[in-house]
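Asker: With the hints as your guide, set chain B onto chain A.
Number of protein chains: 2
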Amino acid sequence: MSTIHVVLHPKRPPGVEHFLRGIPDIVLHCPDDDAGVTRALEEGASVLVTYVWQDAFLVPSLRWIAGAGAGIEQYPLDRLRAHQVVLTTAAGVHAECVAEHAFALLLALTRRIGESVRNMTRRQWIELPGEELAGKKLGIVGLGRIGEAVARRAQNWGVSLVGVKRHPDRYQGCLTDVRGVEQLLPVCEWADIVLLTAPALPDRSALIGARELELLGAGWIVNVGRGSLIDENALIRALTSGNLRGAGLDVTATEPLAAESPLWNLPNVVLSAHNAGDSPGFGPRWGAIFSANLAAFSGRGDWCNRVVQPPGVVP
Amino acid sequence: MSTIHVVLHPKRPPGVEHFLRGIPDIVLHCPDDDAGVTRALEEGASVLVTYVWQDAFLVPSLRWIAGAGAGIEQYPLDRLRAHQVVLTTAAGVHAECVAEHAFALLLALTRRIGESVRNMTRRQWIELPGEELAGKKLGIVGLGRIGEAVARRAQNWGVSLVGVKRHPDRYQGCLTDVRGVEQLLPVCEWADIVLLTAPALPDRSALIGARELELLGAGWIVNVGRGSLIDENALIRALTSGNLRGAGLDVTATEPLAAESPLWNLPNVVLSAHNAGDSPGFGPRWGAIFSANLAAFSGRGDWCNRVVQPPGVVP
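These protein sequence lines are chains A and B, in that order.
Heads up: the first sequence begins at -15 in our numbering, then just goes up one per residue.
Heads up: the second sequence begins at -15 in our numbering, then just goes up one per residue.
It is worth saying that the hints were derived from the structure and are not from the lab.
Remember, it's a predicted structure, so these values are computed and weren't measured experimentally.
Glycine included, each C-beta is placed from N, C-alpha and C at the ideal position.
A hint or two may mislead.
Computed beta-carbon distance windows for the label pairs [stated by the list, open to error]:
#1 B:Lys(-5) / A:Thr224: 38 to 44 Å
#2 A:Pro251 / B:Pro(-2): 15 to 21 Å
#3 B:Asn252 / A:Pro(-2): 47 to 53 Å
#4 A:Tyr155 / B:Arg154: 40 to 46 Å
#5 B:Glu57 / A:His2: 45 to 51 Å
#6 B:Val165 / A:Glu173: 45 to 51 Å
#7 A:Ala202 / B:Gly201: 42 to 48 Å
#8 B:Thr238 / A:Pro251: 23 to 29 Å
#9 B:Asp17 / A:Gly193: 49 to 55 Å
Derived coverage of chain B by chain A (criterion: at least 3 residues anywhere in the stretch with Cβ under 8 Å from a Cβ of chain A; other residues may be distant) [claimed, not checked]:
#10 80 to 89
#11 99 to 105
#12 246 to 255
Just chain A, with the same shape it has in the complex (with noise of 0.2 Å):
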């Protein structure tokens, strides 16, 4: 086959460029900047890997978008449809990952696990009684494969189990109440904890504001979804002036937080840096999806993780 030529976004989950270097078939160029994407796509380039999207990135050679994450919220879809470029995306290669990240966070607020490493900063020893999942009742907003996988790991937890799903007739898990988006609010009203998987809204409007929050109630709340998914305000709100008592965050509404956010020094918040899905078995797994891609791309075998197709082509 003719030699592909493939970009990498300088902006990478730790394992990919080790996987790509790899892979004798594929011209590998790997810019410092947006500026230097764009200038090797318009070389003549014909795949870019990348979960950053600019613009400037859809030149007339870019016939394949291999995500390096999950989302799809930053493409402009319909211009890639019109532009007959194919986007794949990662789903699914982190999930068994975040979900334990979401335990990470979940545990690090019952367990004041955030108060005791700031205890060590000042060597101070001092107990910290924490709470109990066990008996606690949890809500999973979005059940895609995270979400999925948090269910499943939460099974022998003596914690009472509800999902909210957008498509609850589709669900085929391990979940025996999974509700529609319509039943947020009293899932809410129900739950000790909410946990969110879910993507980022077409309109990145938020799911959970303080109408939530207030029906949440002396609760805990952990988004390793988007940062889009909360109304950062209410929260921060509802943690210093209302009644939740917690927040697990792996994704803020704009990343990176801002310094001057008082979420970094709430001694009931615990944030991490949109690292949920980072592990060395990203690499490799991203990786088998692209072999399969890139075979799919020459011609061999099927596309996997397409979320937009040229018009035309039959599924």
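Answerer: Here is chain B on its own, set in the frame of chain A:
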């Protein structure tokens, strides 16, 4: 029945005092320090609620020590027996909570929550690629109620599990591979994670020393058992100049941990202050045991969690 005078040691888990104040049949004494405890006992109290022991507490009127903790290493068991003092413990009361805390510490290591919180104190958004438990090998050392609660929670996490127990032939639980203590070295060599839930050895010697840590290699260790189980100097060496990737410790060799200990400041250590078992569930669960034993003490019903019984009493 005659009025029972109960002395409550000033160090006690949350919820114990609240529970005792609600019992009509006892007179509760709450001194402020060890000397006050001794004085209250010398005035004729027959029951002591404590997890702290001083030999001065062994006065002639003492008949029953209602332990507020799970461990018994602090008590002079032979002398209690000789003085016909019953000792009961809170064993099992903490199990679910401590198991959750063990996961909180472990996930704080693999998902680098401790480092994330240290970054929070500097308002720094730094992506920290972590590790996954899925696919890892976990050795659980100690399979009492806490170890079993850990094993049960780990069932759906894609983790390989091996247990170590003094009497593997007596094991009845969810693990399929349980070894005797003589297999500790090969288990350390096999494992990615060693999680200690065992009680202190009678002579307070370490189970985990330099050799065990060397065999564990580039792994993680979590201790929710007793600080004496790990040779702390060997641990610090393995964390600073060896391969060990991290340690999650709710217990240390001396408590509180000395201000000059290097453990406070190691980024790959997460410490909590011996509070793994503290939760709002403790008081009511401990109270149920105390109530049963108060009845037994008054000649009605059977003892629960009795470790030491006077000689000649039919068990």
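Asker: It remains to establish, for every hint, whether it holds in the given structure.
Answerer: Consistency of the hints with the structure:
1. B:Lys(-5) / A:Thr224: 38 to 44 Å: Distance hint for Lys(-5) (chain B), Thr224 (chain A) is violated at roughly 33 Å.
2. A:Pro251 / B:Pro(-2): 15 to 21 Å: 18 Å, holds
3. B:Asn252 / A:Pro(-2): 47 to 53 Å: Violated, at about 18 Å.
4. A:Tyr155 / B:Arg154: 40 to 46 Å: 42 Å, holds
5. B:Glu57 / A:His2: 45 to 51 Å: 49 Å, holds
6. B:Val165 / A:Glu173: 45 to 51 Å: With Cβ atoms ~50 Å apart, the hint holds.
7. A:Ala202 / B:Gly201: 42 to 48 Å: 43 Å, holds
8. B:Thr238 / A:Pro251: 23 to 29 Å: 27 Å, holds
9. B:Asp17 / A:Gly193: 49 to 55 Å: 51 Å, holds
10. 80 to 89: n = 7 at 8 Å, threshold three: holds.
11. 99 to 105: Our answer is that it holds, as 6 residues pass the Cβ test (under 8 Å) against chain A, meeting three.
12. 246 to 255: The restraint on the region 246 to 255 of chain B holds, since 5 of its residues have a Cβ under 8 Å from chain A and three suffice.
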